[in-house]
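Novice: The residues making up each chain are set out below.
Number of protein chains: 2
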Amino acid sequence: MQYFSEEHSNEVVKQQYKNCKNLRLKQIMESAINHLHEFIKEVEPSQEEWMYMIEYLTKTGQKCDDKRQEFILLSDVLGISALVDTINNRKTLEATESTVLGPFHVQNAPKREMGENINYDGKGEPAFIFGLVKDTDGNPINGAEIDVWQANEDGFYDIQQPDVQPEMNLRGVFTTIEDGKYWFRSVKPKFYSIPTDGPVGEMIFATGRHPNRPAHLHYIVSAPGYKPVVTHVFVKGSEYLDSDAVFGVKDSLISEYVLVDDESKANELDFKSPYYELEFNFVLEKN
Amino acid sequence: MQYFSEEHSNEVVKQQYKNCKNLRLKQIMESAINHLHEFIKEVEPSQEEWMYMIEYLTKTGQKCDDKRQEFILLSDVLGISALVDTINNRKTLEATESTVLGPFHVQNAPKREMGENINYDGKGEPAFIFGLVKDTDGNPINGAEIDVWQANEDGFYDIQQPDVQPEMNLRGVFTTIEDGKYWFRSVKPKFYSIPTDGPVGEMIFATGRHPNRPAHLHYIVSAPGYKPVVTHVFVKGSEYLDSDAVFGVKDSLISEYVLVDDESKANELDFKSPYYELEFNFVLEKN
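Just so you know, the sequences run in chain order A and B.
One point on numbering: in our numbering, the residue at position 20 of the first sequence is 22, and numbering is uninterrupted.
One point on numbering: in our numbering, the residue at position 14 of the second sequence is 16, and numbering is uninterrupted.
Some clues are possibly wrong.
The list treats identical chains as interchangeable, and a pair is accepted whether it falls inside one copy or across any two copies.
To be verified - Straight-line C-alpha distance at most 20 Å; calculated EDC-like pairs for lysine to aspartate or glutamate:
(1) Lys-267 <-> Asp-123
(2) Lys-16 <-> Asp-67
(3) Lys-136 <-> Asp-263
(4) Lys-183 <-> Glu-258
(5) Lys-252 <-> Glu-8
Rather than coming from a laboratory, the hints here were simulated on the basis of the structure.
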């Protein structure tokens, strides 16, 4: 038996977990204790700094309600959400890479007809979005579901502005039926800021960071027999691509919105010319 | 510029702190990011485990109010409070060691006359407590303030039971006036449990730990020109000395309550015989 000392602090604490029967929990607690103690020894916080950390974590918990999860946001801006996502979605090189889900997905978004326009508020620059869903051998997947959602021209998702945007604006579920093809109409996304009116915003500004995410579409692409992929497609050339506040960007997920100046094609799409086109192919890995 | 990857995750996140002008804050954030990422890579949490951690921290913040600070309690049971205290109170060998303050100190507790009995609820085994306040050269310190507080026989502090215990039960401030001596009357402390009706209790029980603290008196001893010491004196032989739930025990802070069977001495103290005596000398370091 050993009393607490600076030198052996983590060993003394871990000693109290020796009877933990849940071995996974024991492993997590021991690793957390090691890293927490190493962090404290590295930075040697004053009592005032320690109290600031306590109050910061308390405020973060108290900012959470049924519409806001500030601890997830904190996990996001520290790259923890991106890391947990990456660890849980290690892929073969060919498959589409995953990235963070974010807080704005809606379960059971409406099914859409292929080609439908999901832009219900009429704002923004029209875009025709299309591509294929394939397996890692290059075979098309029919019956694949493409669940898509994005922020509007003002940088907000429909569920952030229930009194402003039409319900289910800029979201929906498309199903591939022929040669793995999908296509629909929407708008070119814009960059936007994460919420900054809580402790996460306080940290972002105190440390000289910015709170912005580069422009992107969100996707969950799934098909029976395949691993679903939760991902984004980022707008090539968007501001903040190199400094996404939540670390979602991966090189393979950046794609170009090409400006098309063609009156007859625009007419077919019920767009004015010029409009944007985005092609992106999804590749799913077998289960 | 580098996009996020499992391999370089912490470097990519730290890159966003390159413009942080507060260098101390930058150092703390970088160390926190390194250790958080190392922890995640070590345990590789599933998405469900990550969500459990998010919800655990959220619940901990939401358990806090003006009377309860669950994040301090979490810091306590992980040995972080003890570590921060130890780091901030490194002492010469001769000086009395510090330990955690705990949540039950009261600012401006009543001044007591030397010898006064601070046991207002009449419960417990009477104890005569005495000793010296000295400097590290062995010289007595007059005018030293001894702020003492303890739990009652049932394991609760007065401020935990405002409707049950007399106000300011088992607490007060004594001032040395002659040869650095102090003496007062109280009761022999009992072990008690930290609050277990929140997330900290959930963790304690899920991991096979116990929530108990060995019996102790709390002290803050201070004098002009000396570094104050926040400490405990533990009861030699108490249960849980070797497994204090908050890691406050240090060998030098354990002292014996000696049973005294002497009618005339007991009469002088207005005690019944036998009663306990505890001698403990405090040694303060010059500023």
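Novice: Hint by hint, work out which the structure violates, then give me just those numbers in ascending order.
Specialist: Of the numbered hints, 1, 2, 3 do not hold.
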